[in-house]
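Peer 1: Here are the chains, one letter per residue:
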Amino acid sequence: MTLQVYAYTRAADAVVGTDRLTGIAGAAVSSIVAGPLAVVVSQHDHVPAERAAALAHAATVDAVTARVAAVPVRFGHVVADAATLRAAVATQAPRLERLLADLGDRLEVALHAEVTDRRPPLPPRAQGGRAYLLGRLDQERAARQVERAARTRLAEAARTLGPHAVTTSHTSGSRGPEVCFLVERGRVDELLAAARTLAAEGGVRVSGPWPPYSFAALHEEAPA
Amino acid sequence: MTGGPPPPAPQGQRPAPDETTLVDVLDRVLDRGVVLQGDLLLGVAGVDLIHVGLRLIVRSVDAPVRGGP
Numbered sequence: 017m018t019l020q021v022y023a024y025t026r027a028a029d030a031v032v033g034t035d036r037l038t039g040i041a042g043a044a045v046s047s048i049v050a051g052p053l054a055v056v057v058s059q060h061d062h063v064p065a066e067r068a069a070a071l072a073h074a075a076t077v078d079a080v081t082a083r084v085a086a087v088p089v090r091f092g093h094v095v096a097d098a099a100t101l102r103a104a105v106a107t108q109a110p111r112l113e114r115l116l117a118d119l120g121d122r123l124e125v126a127l128h129a130e131v132t133d134r135r136p137p138l139p140p141r142a143q144g145g146r147a148y149l150l151g152r153l154d155q156e157r158a159a160r161q162v163e164r165a166a167r168t169r170l171a172e173a174a175r176t177l178g179p180h181a182v183t184t185s186h187t188s189g190s191r192g193p194e195v196c197f198l199v200e201r202g203r204v205d206e207l208l209a210a211a212r213t214l215a216a217e218g219g220v221r222v223s224g225p226w227p228p229y230s231f232a233a234l235h236e237e238a239p240a
Numbered sequence: 003m004t005g006g007p008p009p010p011a012p013q014g015q016r017p018a019p020d021e022t023t024l025v026d027v028l029d030r031v032l033d034r035g036v037v038l039q040g041d042l043l044l045g046v047a048g049v050d051l052i053h054v055g056l057r058l059i060v061r062s063v064d065a066p067v068r069g070g071p
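Sequences listed follow chains A and B, in order.
Counting from 1 along the first sequence, just add 16 to a position and that's the residue number in my numbering.
Counting from 1 along the second sequence, just add 2 to a position and that's the residue number in my numbering.
The shape of chain A in the complex, shown without the other chains (with noise of 0.2 angstroms):
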């Protein structure tokens, strides 16, 4: 048996962050109280490595976020049991008090940079191994092209969009550089508003609200 882990919340919100909600395989979701935290999770023989999983992960922490301040976990997260569970938590508890009270009432939007694969094409292999190769770097050089392009409109649609968000943070996905805002949730529609503005003038596609999984990261303690 194992845990599979999908949010931390605060302790006092352990009932109704997870009250009938199923998750991966429709598993009944639970929280493990951990100190001033609690564990979101449900139990499993074996999770299942496979996209089904990951969405369901996915809609849970959804639902979740939905109800109360949490701090998503990433899809994979297992641990044996509620004790090594609890002792883990507690290594972490200070740093995992700081961030759900950061990410606290907060939800995530980002805008996408539209990006167009314009690469030359390769030459004919009939022209041989250094054409081929002077090719590569020609499709290089176009790509890095596209992309700061690309980067560059991020940029902008952040400075633009800013005044309506707490924080941003500049990352890439699986179809090219984003950029996310973390917004409060009384402020989510009003940035919606104006990224769908934005995107109307073309180059860049919104996505969310989401729970704030772009910002939800542990970071080491600077040195005194």
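There may be inaccurate statements among the hints.
Rough simulated footprint, nothing fancy, chain B against chain A, three-plus residues with beta-carbon under 8 angstroms [what the hints assert, rightly or not]:
no.: 1; region: 89-99
no.: 2; region: 102-109
no.: 3; region: 143-155
no.: 4; region: 171-182
Just so you know, the hints here were simulated from the structure itself, not pulled from any lab data.
C-beta atoms are modelled at their ideal positions from N, C-alpha and C, and glycine is treated no differently.
We have chain A already, so just place chain B on it with the hints.
Peer 2: Okay, now just chain B, sitting in the frame of chain A:
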């Protein structure tokens, strides 16, 4: 045009995210979100391998199919 079907709707709690794509969901749950580091968490041997394996398996389903005329 967005790619892939939308993820399963949340459990009746709120509307599905705006303009969500399958890839956007997987990007978040596979690459982001908090992870507690350290041996204390590895109650089951090979958890890291399982996690990496999950990423490879789930991602490979979404790998674009190249080729054509």
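Peer 1: Which earlier hints turn out false for this structure, listed by number in ascending order?
Peer 2: 3, 4
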